[in-house]
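We have chain A already, so just place chain B on it with the hints.
What follows is each chain in one-letter form.
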Amino acid sequence: MRRIVTAAVALAMAAPASAGTPKIETFQLANGLKVAVMPIEGAPVVAVQVWYHAGSKDEPRDRRGSAHMFEHMMFKGTQHVRPEAHAQMLNGIGGYVNAATDEDATHYIDTIPSDYLDFAVQLEAERMRNLMFRPDMIATEKEVVKEEIRQQENSPIAKGFLKFLDIAYTKHPYAWTAGGNLKDLDATTPDDLKKFYDAYYQPNNAMLVVVGRVTPEQVKASAEKWFGAIPKAADAPRPAAQAQEPAQTTQRKQVVDPGQIGLTLVGWHIPAAKDKDVYSLQVASIILGAGDSSRIKIRLKGDKTHPAIALDGGMESIVREDPGMTIALGAWLDPKQADGVEAAIFDEVKKLGDKGPAPDELRKAKNQVQSGFVFSLEHAQGLAEAIGRSWILTGDPAQFTRDVDEIEKVSAADVKRVVKQYLAAEKATVVVIPTKGGK
Amino acid sequence: MKRLLPLLGLLACGPKPAPAPPTPTLPSDGTDHTAKPPPAPDAPAVVDAWQGHELIQQPAAKAPAAVQLPAIENFKLANGLDVFVVRDPKLPVVSMQLAIKAGRMDEPRARLGVSEAAADMLVKGTKKHDAVGLAKTIDFVGGTIGADATFEATLLSCSVLSKNVSTCMDLMPEMITQSTFPDAELAKVKDLMLGTVRQHLDDAGALASEQIQNLLWGNDHVRGWINSEQSIANLHRDDLVAWAKTWYVPNNSLLVVTGDVDAKKLKGDLERAFGTWAKGAVPPAPSYKEPGLSGSKIRLVDKPGQTQTHIRIAQFGIKHDDPRFFDTLVWNYALGGGAFSSRLMKVVRVEGGKTYGASSSFDRNLDRGSWVATTFTRNSEAVATAKLILKEIQKMAAEGPTQGEIDAAVANLAGSWGLRFQSAGDIGSALVGAELHGFGKEYLANYPLAVGKVDQASAKRAAQQILTPRDYVIVMVGDAKDLEPQLKKEGWRYEKVSAVEPVTPVEVAQQPVDPKAAAAAKPILADALAAKGGKAKLAAIKAIHETASGTTAIQDHDVPVDIDRMFVMPDKLRIDATLHLAKDVKIIETLTGGGGWMGAPNPQTFAVEISDLPAAQVASAQFEIWRDPELILLKASDAGAKVVAVADEALDGKPQSVLHMQSPFPGMDISLYIDKKTKLLTRIAYTESGQQVNDDFADYRDVNGIKVSFKRTSSSRGHATTLTLGKVEFDPKVDPALFSKPKDVK
Chain A
0 MRRIVTAAVA LAMAAPASAG TPKIETFQLA NGLKVAVMPI EGAPVVAVQV WYHAGSKDEP
60 RDRRGSAHMF EHMMFKGTQH VRPEAHAQML NGIGGYVNAA TDEDATHYID TIPSDYLDFA
120 VQLEAERMRN LMFRPDMIAT EKEVVKEEIR QQENSPIAKG FLKFLDIAYT KHPYAWTAGG
180 NLKDLDATTP DDLKKFYDAY YQPNNAMLVV VGRVTPEQVK ASAEKWFGAI PKAADAPRPA
240 AQAQEPAQTT QRKQVVDPGQ IGLTLVGWHI PAAKDKDVYS LQVASIILGA GDSSRIKIRL
300 KGDKTHPAIA LDGGMESIVR EDPGMTIALG AWLDPKQADG VEAAIFDEVK KLGDKGPAPD
360 ELRKAKNQVQ SGFVFSLEHA QGLAEAIGRS WILTGDPAQF TRDVDEIEKV SAADVKRVVK
420 QYLAAEKATV VVIPTKGGK
Chain B
0 MKRLLPLLGL LACGPKPAPA PPTPTLPSDG TDHTAKPPPA PDAPAVVDAW QGHELIQQPA
60 AKAPAAVQLP AIENFKLANG LDVFVVRDPK LPVVSMQLAI KAGRMDEPRA RLGVSEAAAD
120 MLVKGTKKHD AVGLAKTIDF VGGTIGADAT FEATLLSCSV LSKNVSTCMD LMPEMITQST
180 FPDAELAKVK DLMLGTVRQH LDDAGALASE QIQNLLWGND HVRGWINSEQ SIANLHRDDL
240 VAWAKTWYVP NNSLLVVTGD VDAKKLKGDL ERAFGTWAKG AVPPAPSYKE PGLSGSKIRL
300 VDKPGQTQTH IRIAQFGIKH DDPRFFDTLV WNYALGGGAF SSRLMKVVRV EGGKTYGASS
360 SFDRNLDRGS WVATTFTRNS EAVATAKLIL KEIQKMAAEG PTQGEIDAAV ANLAGSWGLR
420 FQSAGDIGSA LVGAELHGFG KEYLANYPLA VGKVDQASAK RAAQQILTPR DYVIVMVGDA
480 KDLEPQLKKE GWRYEKVSAV EPVTPVEVAQ QPVDPKAAAA AKPILADALA AKGGKAKLAA
540 IKAIHETASG TTAIQDHDVP VDIDRMFVMP DKLRIDATLH LAKDVKIIET LTGGGGWMGA
600 PNPQTFAVEI SDLPAAQVAS AQFEIWRDPE LILLKASDAG AKVVAVADEA LDGKPQSVLH
660 MQSPFPGMDI SLYIDKKTKL LTRIAYTESG QQVNDDFADY RDVNGIKVSF KRTSSSRGHA
720 TTLTLGKVEF DPKVDPALFS KPKDVK
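As you go down the protein sequences, you meet chains A and B in turn. In terms of numbering that gives the first Met the number 0, the first sequence opens at residue 0 and continues consecutively. In terms of numbering that gives the first Met the number 0, the second sequence opens at residue 0 and continues consecutively.
The following block holds chain A by itself, in its conformation from the complex (with noise of 0.2 angstroms):
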């Protein structure tokens, strides 16, 4: 568990100049199309994403889904490439394949050896806007996402947080996650996705982001001459816009069907990822609940002074391009310790605000930080996605790199009034995942 909290933290944020960080170079072609390189000398390998700004907060409500069916109708052939073969020929080549859908954007990733990087800019190219769409894999297809959904459907772990989200938002389409459901599945067209294609596969809504060992010359040439002569278009629509979160000013709670295991998931909304708070309530995120030694952990797993209350816990900050949230969990056994669980991630919660972080763990924090980000320079396909990510949340690609400065700024004080400000008791979702059984 700590060490996906350390990861999960490292991601989301970034980077000391100590550290001797590769250097991001950014430029844009004519047809708006977004490009970032970032080179590493002898590196075995180079990490080819093209990062679509269009995720599930685009979808109309009864097209929940659709960026995701989206995402798999990618593979599906190509005025020039026939289906799965983008997979296959750079599977041939030594390369690994993927993409993933969520809430801000879908990307697509080809980490190959270095010497293909021409191929796989040109397969890219070819399917940002050459999709084939036929009914018949469109069909095939759907089923194929159905199973995907239904993995969600049989776990009450994803189904809890899934209704989590649910009750946590009100009108922003962060309500629902970018799996779908079978319903409106079932429901979309040929010319639904169609539109959706049209509307957010076009370079000036794209950015392609190349690391490993290449120069920026290289990448330049090839995006040049294969996604230059792809034409701009219209802006991409953004109905999230219209569709801002009230501030939550009561409590909401619900306990929903029962799993083998109990879970108490504590959510706060906080600000969107431009908003410097979030560093903030990052660390507070940090000494709450990432490590063994956070408060939270402490307290549930139990030490001298508290018995043991859960099986583990943890807080995370999910930085969202629209306002997202800091989210505590507690998972238990004994239905006896549920009250207690979520007493006590509100009791760390109200301590951290009342009384701000020790000195020690202000800098345990910034360092857990700082380490993390070093570690992350080790992988070529975890950079790409972090710059990825840096832009969708920031605009910025390089963003990523400036964060560890921007955690190293955090104040006690900071901390102390980001938690009272924004994880207030009274601001709270909570949901519990009661068990089927006891303990």
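Worth flagging that the hints you see were computed from the coordinates, not collected in a lab. Any given hint might turn out to be false.
Unchecked claim - Taking CB as the label site, the calculated pair distances span: (1) B:70 x A:134: 54 to 64 angstroms; (2) A:134 x B:584: 55 to 65 angstroms; (3) B:558 x A:182: 35 to 45 angstroms.
Only a predicted model underlies this, so the values are computations on that prediction, with no experimental measurement involved. Heads up, the beta-carbon is just placed ideally off N, CA and C, and yes, glycines get one too.
What follows is chain B alone, placed relative to chain A:
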């Protein structure tokens, strides 16, 4: 449990953790009922929508070439610890990975989970630091420590910025030589392991992967053993200490240090750090007879309400040092290891739309391991999907991969190999794996060349030898009501088990008793016995008659119940229960020594019918009278009783002394909770049928000088029976006819 937090970032598709290697068996009945792939016609020809399109062509893949690795230094410390150093100053980071050659494969069945628990406990307390102290030390420098046990090894790691390397140099030897395995932390580790077992009941994929291993390897091979609530309950501190003492020795381990290290200084630093870690004799690893596999076996794991069926099809795999290993890599890539370049993905997902993922993989271990095909689909397509996979297995076994498939597989497997070595830590991890199998760093460098030697003939030969299309096992985890009609329609014979039953029956060895802990139990028992009424009064009891009223949970409903219970020492018990349902239902259960009888209503007529008590219920009733709350303290005080004091706990905020007592029933030891203030028994905890049960006792009243609990609650997995006693009689007049099996019951 480790998968809880990533949930917060639920995203669709995307990089996923590698699936756990699957595992596999069923009794064969010849070929009459063997699952046979139908002679399905090939798919009808379809119009090629890309005909006439100018298609983008894949550039030629590079010929397989050796990977250029940095220099790897190797030396031995005085205590025999084998050390490897991969120096890379590009980033200011250092990682240390210690591998001890002992893992799941070395566990005795009666101590299942000991390697995992012992590894987990390495970070939970040393002579210098408690668990929180260790966590604070590593968190403060932003580093990570981790410990885990795999099938073959126990892995301990520490990673920090290079300026903090002394933290790892201090902590690693401290954890390995000074771990204290504190009881309180062990309780938490066991709870986490229990949480994982429980969570798998909600995770049909994980359950299927466990069930297939058990089915393929059986209950007499370590690969077939799966952790259960009961096996975890059987783990004790002494087991962990003995495990660590036996296996955690430097001459059974290797250490890999990677990153920005000062190579000149390192050897001296390591000698100082690990110098106190003493050599020890290493026992041989246990060996098991491989079970045979003849014909097909199918196990249906019933998980009511599950809308998606997880399917595993398995056979035996091959050893890592088998000369056909690289051939198998190649044919398996073509069959199911190569994602969208594989046949399974093409047939089951791309063409069939039946699943999100279909793959196959095999273990890379010193022993033979398993080869497993993995997928999931909507319930209605389960058997059709299994048939598709079986057909592909059969085809690969008969024909082997095509030349095109060989080329694609070699290009990917050889070409991608070097991509994994992006950091010194990556090289270190791969080196640990290679060295554990005795291959050395040349293996890492020359892997692509070995892949490149595979040709169509060798791959086909290996596929034919390893894939045995008639001999396999299948597990399906899903809702039996949806699956059974499909299986029956195909004429496939199968065994059906419940998802909530333990996968492997637990075997328990007698626990050696720690004399100190046994001595600590004695005064607690003496106090409890005195509070109960004294040894003499309890020893004089010959029979107990009790009546009680309350509720019991039936299908999530609390049903009023009246009980009349007569217990005559030593082994006669009769319980008359009346359940107040829409209509009153009377149930009788009688134990007479090694047998018994029961009376229960016919579901149609509601008339009570008499039958012999099933063996399982006889055993359960025997266990009940053995742990009778009026007499258990007396039994615990017997000279031969094996009772030890364990860590104190609190129940509802009240501190309790806890005693662990071995029972004569395998795997059914009990814990006795004694209130520290009143000295009265408040709980008996035990595991029965794989479920943790707590019998709680409150409202003690005096009956003939003996303290008797009048409020009793027995709870298991959220279902409770709560009873308030009405009448309690010691040594009542007993009618012997009470225990005679009647012809009829009024």
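(message) Under the constraints set out in the numbered hints, which ones does this structure not fulfil?
(response) Per hint list: zero violations.
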